[in-house]
Amino acid sequence: DTAVSQTPKYLVTQMGNDKSIKCEQNLGHDTMYWYKQDSKKFLKIMFSYNNKELIINETVPNRFSPKSPDKAHLNLHINSLELGDSAVYFCASSQVGLGTEAFFGQGTRLTVV
Amino acid sequence: GQQVMQIPQYQHVQEGEDFTTYCNSSTTLSNIQWYKQRPGGHPVFLIQLVKSGEVKKQKRLTFQFGEAKKNSSLHITATQTTDVGTYFCAGTGAGSYQLTFGKGTKLSVIP
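Chains A and B, in that order, give the protein sequences. Anchor point for the first sequence: position 8 equals 9 in this note's numbering, and the numbering is continuous, going up by one each time. Anchor point for the second sequence: position 10 equals 44 in this note's numbering, and the numbering is continuous, going up by one each time.
Isolated chain A (complex conformation):
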């Protein structure tokens, strides 16, 4: 049973399209994250939600909009995709207060053509 699952695993799309990536965790964690990993493998935090509330919003273009319908889900919607959005996007979750070990999903490799 996968702890943090995200779909799809691969996403190839054209510039200008709108796409969504879904993430679900079954660990009962309070906090969920989206990270972007570029071609140089740098892991950069984009958003963090705690109990469905946005607590971290790094300098990410407003074309990226996270949505947390409940604390087990954190989806990422991207409008007007650009070539520079191509990367691997990782969802993660942790339980703040009991140690902040993060569990990562398998990643979504987004390619914008």
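No lab work stands behind these hints: they were computed from the structure. Even for Gly, the Cβ is constructed at its ideal location relative to N, Cα and C. Errors might be hidden in some of the hints.
Below 30 Å or equal to it, Euclidean Cα-Cα: the simulated BS3-like pairs (lysine-lysine) are [what the hints assert, rightly or not]: (1) A:K41 <-> B:K104; (2) A:K68 <-> B:K70; (3) A:K45 <-> B:K91; (4) B:K91 <-> A:K42; (5) B:K137 <-> A:K53; (6) A:K10 <-> A:K53; (7) A:K45 <-> B:K140; (8) B:K140 <-> A:K10; (9) A:K42 <-> B:K85; (10) A:K10 <-> B:K104; (11) B:K140 <-> A:K42; (12) A:K72 <-> B:K140; (13) B:K137 <-> A:K23; (14) A:K42 <-> B:K70; (15) B:K137 <-> A:K42; (16) B:K91 <-> A:K20; (17) B:K137 <-> A:K72; (18) B:K70 <-> A:K45.
Which chain B residues face chain A? A few, computed with CB under 8 Å, are given here [as the list claims (entries may be wrong)]: (19) T126; (20) K137; (21) G138.
Mind docking chain B on chain A? Use the hints.
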């Protein structure tokens, strides 16, 4: 904002040699974590250090947290090909929810 620097960015070693990666934070950390990402995989938690000066071992891996809680290191003794991957440190500042990752050290092991 909090920054976590990690060096080196790349390290190539002969199988059997030792390997060390270093992590430095611009601010005092409440804890530091280490993750390993295999090629094509996702980051997987290895360990967390909380106390000043703490040292923890996992088989051939030794993790240290500095006295000032601003730096950390991961040392691998006698590397094996299974050690290949990118090692990330990640720190949490006091009172923060944010886990800030270093840029990672990509380890290649030559058989």
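Structure-based check of all given hints:
{"no.": "1", "hint": "A:K41 <-> B:K104", "in the structure": "holds (25 Å)"}
{"no.": "2", "hint": "A:K68 <-> B:K70", "in the structure": "holds (28 Å)"}
{"no.": "3", "hint": "A:K45 <-> B:K91", "in the structure": "holds (28 Å)"}
{"no.": "4", "hint": "B:K91 <-> A:K42", "in the structure": "holds (26 Å)"}
{"no.": "5", "hint": "B:K137 <-> A:K53", "in the structure": "holds (28 Å)"}
{"no.": "6", "hint": "A:K10 <-> A:K53", "in the structure": "holds (24 Å)"}
{"no.": "7", "hint": "A:K45 <-> B:K140", "in the structure": "holds (16 Å)"}
{"no.": "8", "hint": "B:K140 <-> A:K10", "in the structure": "holds (23 Å)"}
{"no.": "9", "hint": "A:K42 <-> B:K85", "in the structure": "holds (29 Å)"}
{"no.": "10", "hint": "A:K10 <-> B:K104", "in the structure": "violated (36 Å)"}
{"no.": "11", "hint": "B:K140 <-> A:K42", "in the structure": "holds (9 Å)"}
{"no.": "12", "hint": "A:K72 <-> B:K140", "in the structure": "violated (33 Å)"}
{"no.": "13", "hint": "B:K137 <-> A:K23", "in the structure": "holds (25 Å)"}
{"no.": "14", "hint": "A:K42 <-> B:K70", "in the structure": "holds (12 Å)"}
{"no.": "15", "hint": "B:K137 <-> A:K42", "in the structure": "holds (7 Å)"}
{"no.": "16", "hint": "B:K91 <-> A:K20", "in the structure": "violated (43 Å)"}
{"no.": "17", "hint": "B:K137 <-> A:K72", "in the structure": "holds (28 Å)"}
{"no.": "18", "hint": "B:K70 <-> A:K45", "in the structure": "holds (16 Å)"}
{"no.": "19", "hint": "T126", "in the structure": "holds (5 Å)"}
{"no.": "20", "hint": "K137", "in the structure": "holds (5 Å)"}
{"no.": "21", "hint": "G138", "in the structure": "holds (5 Å)"}
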